[in-house]
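Colleague: Fit chain B to the known structure of chain A by using the hints.
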Amino acid sequence: MDNAIFKKVQETLAGALGVEASEVVPEASLKRDLGAESIDFIDIIFRLEKSFDLKIPANDLFPSHIFTDERFVREGMVTPEGIHELRTKLPYLELGDFERDPQVSKLADYFTVKMILRYLEEKLGKSSGCSDTCQS
Amino acid sequence: MKGRARRLYGIGIDIISRTRMEAFLARHPEMIPRRFLNARERRFWRTMDAVGLAEIFAAKEAFFKACNEPWMGPEGFRGMHITRCGKEKFNMKWRVRNSGRRYRGEGVFFHDGDLVGAQAMIWSS
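Quick note, the sequences are listed as chains A and B, same order.
The first sequence begins at 1 in my numbering and counts up by one.
The second sequence begins at 1001 in my numbering and counts up by one.
You may find that some hints are simply not true.
Simulated restraints on C-beta separations [unchecked claim]:
no., chain 1, residue 1, chain 2, residue 2, range
1, B, 1110, A, 99, 35 to 43 Å
2, A, 25, B, 1087, 44 to 52 Å
3, A, 23, B, 1019, 17 to 25 Å
4, A, 51, B, 1100, 35 to 43 Å
5, B, 1083, A, 87, 35 to 43 Å
6, B, 1044, A, 35, 29 to 37 Å
7, B, 1008, A, 95, 29 to 37 Å
8, A, 77, B, 1095, 21 to 29 Å
9, A, 76, B, 1097, 12 to 20 Å
I should point out that these hints are in silico values taken from the structure, not numbers from a laboratory.
Beta carbons are placed, not taken as given, at the ideal position from N, Cα and C, and that holds for glycine.
Looking at chain A on its own, in the form it has when it is part of the complex (with noise of 0.2 Å):
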């Protein structure tokens, strides 16, 4: 893991969310351990790009055409075509055990500190490490 990109992703998500930045580990869940709600997930968009002077497109994390395509979500529940798509479109997000019941609904549990990590790290193009350092 990058230490300074997590720093700042730290005192970023710790400014938006108004938690403690010993609160944001990367195996924090952005909904469920610290409390975001929508218009927070808008502000840590906003936040993350100024702090990482880049675009973050829309369905880079929130990948909204996979929820608009009814390939991929039938009736509240994203089908295994729609994991598939997951897994390929957003590598960073780990679905963990979100395949035993994949109601749409609950995925974004599973947006957490380490899924941003991910993501900057590819987008910065700096060598992650996180992917084998945060699992354990």
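Modeller: Just chain B, lined up with the frame of chain A:
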């Protein structure tokens, strides 16, 4: 003759703190109109205050829930169109991009101290 009964397809409710919206507005004055509002809403941007923006936000969040669609981020917000009907009521429509799904609904705003809220309903007949 009896008319066809209206059936409630979905209902959604959302509240947001005006203070939270003021902070969001102060921090991202250039990003909000560009990334968050649609072309129609941008026309009123210069005169929009935190309460007005909170109403738009709450109405769209409530409408997402009434439609039973997953949250789609700024993309989803921009696609929804609100028409105010007086101070407290609104109509909404949304054509979900890249899908055949279209929704029309109505709702009301409410205010309670620091909170700004909206309730949206979609009826089918």
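Colleague: Decide, hint by hint, whether the structure agrees.
Modeller: Evaluated hints:
no.	hint	in the structure
1	1110/B x 99/A: 35 to 43 Å	holds, 40 Å
2	25/A x 1087/B: 44 to 52 Å	holds, 45 Å
3	23/A x 1019/B: 17 to 25 Å	holds, 22 Å
4	51/A x 1100/B: 35 to 43 Å	holds, 39 Å
5	1083/B x 87/A: 35 to 43 Å	holds, 40 Å
6	1044/B x 35/A: 29 to 37 Å	holds, 31 Å
7	1008/B x 95/A: 29 to 37 Å	holds, 34 Å
8	77/A x 1095/B: 21 to 29 Å	holds, 23 Å
9	76/A x 1097/B: 12 to 20 Å	holds, 19 Å
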